[in-house]
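Asks: Could you build the full structure based on these sequences and the hints that come with them?
If you want the building blocks of each chain, they are given just below.
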Amino acid sequence: MTALTLLFDLVIPALKIAAIILYPLVMVIVMIWMERRVVAFIQGRLGPNRVGFQGVLQPVADAMKLFFKEDIIPRQADRLLFNLSPVLVMVSSLLAFAFIPLGGSFEIKGYAIDMWIAASPVGLLLVLGLSSIGVFGIVFGGWASNSKYPLMGALRSVVQILSYEIPLGLTVLTVVFFSRSMDLVAIVNHQKDARVWFGFLLPVSFIVFWISGIAETNRAPFDLPEAESELVAGYHTEYSGMKFAFFYIAEYAHMVLVSSLVVILFFGGWLPPFPNVKALAFLGGLPGFAWYLIKIMFFLYLYIWIRGTLPRYRFDALIKLVWKWLVPLALLNFVIVALAWYLL
Amino acid sequence: MAFKEIELNMGPQHPSTHGVLRLKLSVDNEVVLAIEPVIGYLHRGMEKLWESLTYRQIVPLTDRLDYLAAVSNNLAYVLAVEKLMGLEVPPRARYIRVILAELQRLASHLAWVGFMANDIGAMTVLLYSFEDREDILDIFEAYVGARLTVHGVRIGGVPFDLDEQVIGMIRRVLDETPKKVADIEKLLNDNRIWLHRTRGVGVISAADALGLGLTGPALRATGVAWDIRRDLPYSSYEDFEFDVPVRPGGDVYDRYLVRMEEIRQSLRIVRQALGRLRPGEHRVKVPRVLKIPAGEVFHTIEAPKGELGFYIRSNGTDKPERVKMKSPSFINLQSLERMSKGYLFSDVVGILGSLDIVLGEIDK
Amino acid sequence: MPEELADFPALEHIAGSLQDRFGEAIAETSFEKRELAVKVRTADLLAVLEFLRSGLGFNALNDMIGLDHPPRAEETGKRFSILYQLYKFPGGLRVRVVIDVDEGEPVPSVTSIYRSADWAEREIFDMFGIRFSGHPGLRRIYLPDDFEGHPLRKDFPLGG
Amino acid sequence: MTDGTERQPFILTRADHLITWAQKNSLWPFGSGLACCAIEMIATAAARYDIARFGMELFRASPRQADLFIVAGTVTRKMAPSIRRLWEQMADPKWVVAMGNCAVSGGPFPTYSVVQGVDQVIPVDVHIAGCPPTPQGLLHGLMILQQKIAASHPTQEIFDPHARRTG
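Residue numbers (our numbering), protein chains in the order written: chain A, 801 to 1144; chain B, 29 to 392; chain C, 647 to 806; chain D, 192 to 358.
These aren't lab readings, by the way, just hints derived from the structure by calculation. Don't take each hint at face value.
Partial pick of chain D residues on the chain B-facing surface, computed with a CB cut under 10 Å [unchecked claim]:
1) TYR240
2) MET270
3) PHE300
4) VAL305
5) CYS322
Computed spacing ranges between beta-carbons, pair by pair [unchecked claim]:
6) C/GLY737 x B/ASP267: 58 to 64 Å
7) B/ASP218 x A/TYR1101: 21 to 27 Å
8) C/PRO717 x B/ARG227: 53 to 59 Å
9) B/ARG200 x A/LYS1120: 43 to 49 Å
Below, computed lysine-lysine pairings styled on DSS-like, alpha-carbon distance capped at 30 Å [to be verified]:
10) B/LYS347 x B/LYS319
11) B/LYS111 x C/LYS734
12) C/LYS724 x B/LYS347
13) A/LYS948 x B/LYS369
14) A/LYS1078 x A/LYS992
15) B/LYS111 x C/LYS800
16) B/LYS313 x C/LYS679
17) B/LYS319 x C/LYS724
18) C/LYS679 x C/LYS734
19) B/LYS111 x C/LYS679
20) C/LYS679 x B/LYS347
21) A/LYS1124 x B/LYS214
22) A/LYS1120 x A/LYS948
23) B/LYS52 x B/LYS369
24) B/LYS319 x C/LYS800
25) B/LYS347 x B/LYS111
26) B/LYS52 x A/LYS1120
27) A/LYS909 x A/LYS816
28) C/LYS724 x B/LYS111
29) C/LYS685 x B/LYS319
30) B/LYS369 x C/LYS734
31) A/LYS1120 x B/LYS369
32) A/LYS992 x A/LYS816
33) B/LYS319 x B/LYS111
34) C/LYS679 x B/LYS319
35) A/LYS992 x A/LYS909
36) B/LYS369 x A/LYS1124
37) B/LYS369 x B/LYS111
38) C/LYS800 x C/LYS724
39) A/LYS948 x B/LYS52
40) C/LYS734 x C/LYS685
In this text the structure is predicted, and so the values were computed from the model without any measurement. Heads up, the beta-carbon is just placed ideally off N, CA and C, and yes, glycines get one too.
Replies: Okay, structure coming up:
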């Protein structure tokens, strides 16, 4: 075994694993800062601008402060589940990133280095599955707190996430029709070969997926499980210190995950835009990871924009939206795509 | 999990109780079965305190009742005292009072729409409306030096004359506010979520509203055209032309529309009052030690939140024997149960918001 | 220039109707600062209010005001007064119905006639300790249940 | 500040510096308003004064997640037990700002139902006078609190349990 193979077989994968754990955390920090600044600008304010350049260190200060805070476990709480749930939420959302390709592969001295950790043939299923394990964390947390507001928040969350899984799954299937694979890398590569992004081919799928994705992450206007004006802080009302930080980070990591999925499934992942236009070929000069970042930033920005604009849904309307509109729409879309795919 | 009914305790510390109100709710799967407000967490013993203060010392304390509309409170109390004394104030003072009171209504309604939208989850509106409200607070600050607890109406008139600087600021607000209000309406009026959360929610009929003693915009939203400024004018309101907005529905949305229209009518009144302001005295001399012969009086005005009244009983000394405040929020909050039974828990927040309560004047 | 009741036909009509209907029960009618006040016996309170509401159209109870006059207690034995401020929509006519109450004397609750009296009666109970018979849930409204005394009585010190 | 810090190892004073830097820059207030001062507190969070510049705009609805209790308004005897309980529910380290004359000393209400100063109920770090204090006044008070935090020595608590400021 030469030093070179050791490097490429052991050290590089280890570095990659470290990077893929750090990547969502860094994105979360960027996202928290971005959200607070952008929402502030939408509202005619400045937002955090004292800590570090333009306040970029604000989330770092927040995280560090939370780390040094007392960790309270209410006396009536179920200790095991109370402690388990933030871990479950955090781990499930971070683990999913193992299957997310952040870019294409490139070669150094004959060794191919992939910008992902695991390219499973059922990567898509794994990501969706892992991201919905998080809901168990929310339920456990709400129940274990042994308090009414967290319980109501958890109940809302379960109903909401389970309902929105259905249109989410149905739209993902339409993508799989075309890509004929559940491997996320293959899905991107298929878009490269087809020279068209699925978002333009399947606009309905994209819209349904995006709306369901916002609901899955419990974000405005679907932020009912933690609706502050109703449920105080929802399922994490009783959490303090680092455990609360876990919920907080997991929520943002989940947003990054959903944005990544949207980009990979519908907007060509790390592919540069306009591959067909000769004049714009220079766009391909930017590395794939950069394109991927630009694209997910757009969707993360969209999250913030929506939050700054819309009021909150009421629970019955939220359920009506999914069962009366999104599910039938997704089903119809599925049938039409299936027919089109069969006939063509 | 086979539970039917949960007892929920909202407050006295809860993000959307607008202060220190406590609601005892019993909900079945988020549907409200019963609701009981518990008040008194801000009871400061104002009425007892007033009995040991002179008539003049009471005025600044009225600011702390409805702290979102301090001038209206001053005005109601001062008008009652003046009625008891049989004192006539000069026309310029009356007009300045109208200008201040209408600006205060504007500030109060702007704060209301912000809080209301925030309760429903549209927090950007709160920031916008508070920014607009700051312009009005600037006027008060330039006029008397205080922002919130203004103490802008005194027995016998107003403390200062309106100078050119303040008038200029008022004119700027008159010009800019319609645009800003339109911005807020753009965010809300055609928003499907907002409509869904407000239309047909918290409905109350005109008969019920009257029976419960509901007043102000909440009453006008049930189709009863009743505005004390128009129907029992005080402080020269009869000189001004304005409409009394009325809506038939009695729901949260109509209360919102009525208040938004009142903002425009208030601007109209201020504009007229500024135009008709004639030079003259802005106060009459009132003796330093104010002794009022024995008597009693009850006087009400149209405050932003509804009918605000003071009952004053004098006994010939410089201190009143009894001052009782009739607070609109106290009466309006009483109707919360009638309005929110059968609606969802999330709606209670919106209905409570739409009533525009201020705990300061409920608890006194 | 003192104004006379005769200058206000609407109010005069009300005073007249009450006098016709109840006669002796109306202990005193006063008119001051354009406000009509009618003093009645506690026993007749409900009948008078019911007549004012259904007969004369006073459809809203504006406010209930409690008063405490300790000096008067020696003269008449009636320490407290309760003022019912009534209102007529539309039109805005007002009339004040007054009753004198002694300490410990129960007052009939008017919640059956005016629903808005619910909290107002609780407030008077809280502040003066006057009990209302027939009230659906008479308890303190502002102060905690274990509070001792009734603050708006004149013998209650300001600092508690 | 004569608390024997000069005898502290270098590493701990550096750690103190880092921890207090994080703590003072990330004071999440508890979204609790009692009376008039609450309106000025909201105005401070609104666009013109924008408390967010200091990283303090995350008003937490749950006391568990808050660091700073701004007692904004009159504390009545009926409310005092709740105030105490909310403060107890907050996780250490926590700070209290008494905003306005009522919270400082009972203000203009020397009556039977008003607690004459919230420091009778919970320990207060910074008092801000005013009725109500202007938003500038509140911001100034918060900056003083930041200085106070910067001068504190959180690592001392590890060695000296009596150094805990709350308990």
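Asks: Could you work out which of the previously given hints the structure breaks and list their numbers from low to high?
Replies: 6, 37
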